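Undergrad: Take the two lone chains, each set in its own frame, and fit them into one complex as the hints suggest.
Here the protein sequences line up with chains A and B, keeping their order. Our numbering puts the first sequence at residues 1 to 305. Our numbering puts the second sequence at residues 1 to 92.
Please keep in mind that the hints were generated in silico from the structure rather than gathered at the bench. Each hint should be verified, as a subset may be incorrect.
[What the hints assert, rightly or not] Short derived list, chain A residues pointing at chain B, Cβ under 7 angstroms:
{"no.": "1", "residue": "Arg25"}
{"no.": "2", "residue": "Arg29"}
{"no.": "3", "residue": "Pro37"}
{"no.": "4", "residue": "His86"}
{"no.": "5", "residue": "Gly96"}
{"no.": "6", "residue": "Asn237"}
Note that the structure is a prediction, hence the values are computed from the model and not measured. Idealized CB from N, CA, C, for every residue including glycine.
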Amino acid sequence: MADDPYAVLGVPRDATQEAIKAAYRKLARRHHPDLNPGKPDAEARFKAIAAANDLLSDPERRARFDRGEIDAAGQERHPAGGYRHHAEAEQGERYGYRGEGGAGGFDDIFAEIFEARRRAESAPRPGRDEAYRLAVPFLSAVRGTTETLTLPDGRVLSVKIPPGIESGQVLRLRGQGGPGRNGGPPGDALIEIAVADHPIYRRDGRDLRMELPVTLKEAVLGGPLVVPTPFGPVRANLPRHSDTGRQIRLRGKGVAAHGDGAAGDLFLTLRVVVGEPDAALEAFLRDWVPEHPVDPRAGLEEASR
Amino acid sequence: MITLEILCIHFAALTPDDLRRWIAEGYVRPEAAGDELHFREIDVERVRLILELRDELAVNEEALPLVLSLLDQVYALRRKLRRLGAAVDEEG
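Only chain B is shown next, with the shape it has when bound in the complex (with noise of 0.2 angstroms):
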């Protein structure tokens, strides 16, 4: 299981405050699990590519959300899509 600490020290420069911060405004939704915090490899490739937006495309904190909404909603619709793909080909 991966949790904050095993994530803080997977990337260098991740701090456990930018991580809290981060899920505390739902940018990153580990599972709870008692008092520990499970991160599954969608997760920890979220943590990735904000790391990435933020310190190697220069993308700041405050405009991170809108970022992270549009993806989402790309993704959303990808998904949908993909679905919609699958239905097909069973009815037909």
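In isolation and in its complexed conformation, chain A is listed as follows (with noise of 0.2 angstroms):
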């Protein structure tokens, strides 16, 4: 059973025989097959248009269609769109345009683009940036050094990593991407920077932090210690009266000084550390009056509120 055939032109069902054939002719032009060989589908909607057009233009079988005598598929027509399946092959030519060139001569369209992507082939082209990623211990980004890369391809990178480098930072490399083409530049190697944690020292942008332990008595008494630093151990003093996260600043041992950016320092945490159990300590405790007796949790119970 076909579409009905008022729908399919769009018309009432009281249309006159000219609104019908100027509902027709609208349609048909619009999807004639052979005035549009681009699209697959106008083939099928003209033929429906057509068979539409076909049972209603003729007002006989019009009315045995109203009374219900016949339905809507009408007899076979010869479908529309012959044409363009001859027009689309190569015995078209017979009405193309002159210069079309023949099936193997490429013309001026063909000359056109081969020509440009011959060109486009034998320019000079530049090499590709790679990407890489280099793992850089934390001292050596504290300090500087020269790490090397081993690429994929087996060549050897140095790659001067400046103090003060962080995580996510990419060096460029000139010339050492993908090669270039045709006399082209090579590309440039993109190396991503990560730098490993360490497990006493923190970067605070240019500045470095440890926690320093201390003892009881050194805490108490103060006096010469030797503290650790990325540039080889340094000899510190420490006050007398210091006490658990007092922090001793040592100047310069921090990032070191690279082009504008000065050297940072290095800040050291006090932590005391009361040891292993002592006899004489306990003794001394337990006999011990403070002379300012003071209570270090006082109002930490409101502040806990």
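TA: This is the structure:
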């Protein structure tokens, strides 16, 4: 059962013959398959339009359809769109344009396209940038160093690491990327840096921070002690009456100076360590009456609320 | 071989005068063989298209060359594209 022919043509059931003709022409001009070679569905669309018109344009058949004596499937007519199958093939050149070109010869459009491709292929072309990752030890990033990076193709690059480099920064090595073509310059190697963490030191911009354990005696009496720094051990003097949390600054022992950036500092945060049980210490503390008794937890309860 | 006479019998709506005029204007381009004109399938379909344009789509004779010229250009471009596609396939 075909679609309702009135609906196909978009006309009311009481449309005049003229209105049907006008509606058919309007649709046929839009959907004729030979006028729409790029639309594959135009053929089926046009066929339905033509069939509807065949039925409704004949007053006698239209009346029989309206009375229900025949259905919408009219008899087959010659399908439109026969011309385009020929016109799209080589024999279509009979109705073509001068200089269109034969099957073997390339005409202007071809010549342009292929010439442009040839030119593009023979033109000097820079190589591609290649991206790599390089893991850098913490202290190397503090002091600055030269790391080696072995590429997948076996080449070994020497990568200068400036002091103070941080994870995520990208170093560009000019000319170390993919090779250029036709004499073009090679690309660059882009190296993303990943700085490892350190068990003792922590970076804070150009400064370093570390916790420094001291004995009870050192904290109370002060005195000289040896502090490890990224640049080797350094002697520092611990002031008397130090306590946990006190900060000591070692100037210039942070990230090394580089360019305009001055050297950072190393901040030590003291942590008093009581250590192993000691009988003398216990005996002393048992009899000890503090000179200035303090409650280190004073105000703690209030603040906790 | 399809001749002018056979073609006019094939299409009831086609008169020999119409067809001769279209040939003179270059709308239809059959092959000349001696005194006879030989129509190939593409010519038959082109005549059918011109008849459909005239009788069903109400394209009058004055507008016909414009419509045919645009159509010929569309099909010429499509043939070019087709050849280009084939050439690219060969290259790849």
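Undergrad: Give a verdict on every hint.
TA: Quick rundown of the hints versus the structure:
Here the hint on A/Arg25 is kept, as its CB sits about 5 angstroms from the closest CB of chain B, short of 7 angstroms. The criterion of a C-beta within 7 angstroms of any C-beta in chain B is met by A/Arg29, whose closest approach is roughly 5 angstroms, and the hint holds. Evaluation of the A/Pro37 hint against chain B yields a held restraint, the C-beta minimum of about 6 angstroms falling below 7 angstroms. Look at A/His86: its Cβ gets to within about 4 angstroms of chain B, closer than 7 angstroms, so that hint holds up.
With a least beta-carbon distance of about 5 angstroms to chain B, the hint placing A/Gly96 at the interface is held under the 7 angstroms criterion. Nearest Cβ of chain B to the Cβ of A/Asn237: about 78 angstroms, over the 7 angstroms cut. The hint is violated.
Consistency with the previously given hints fails for number 6 only.
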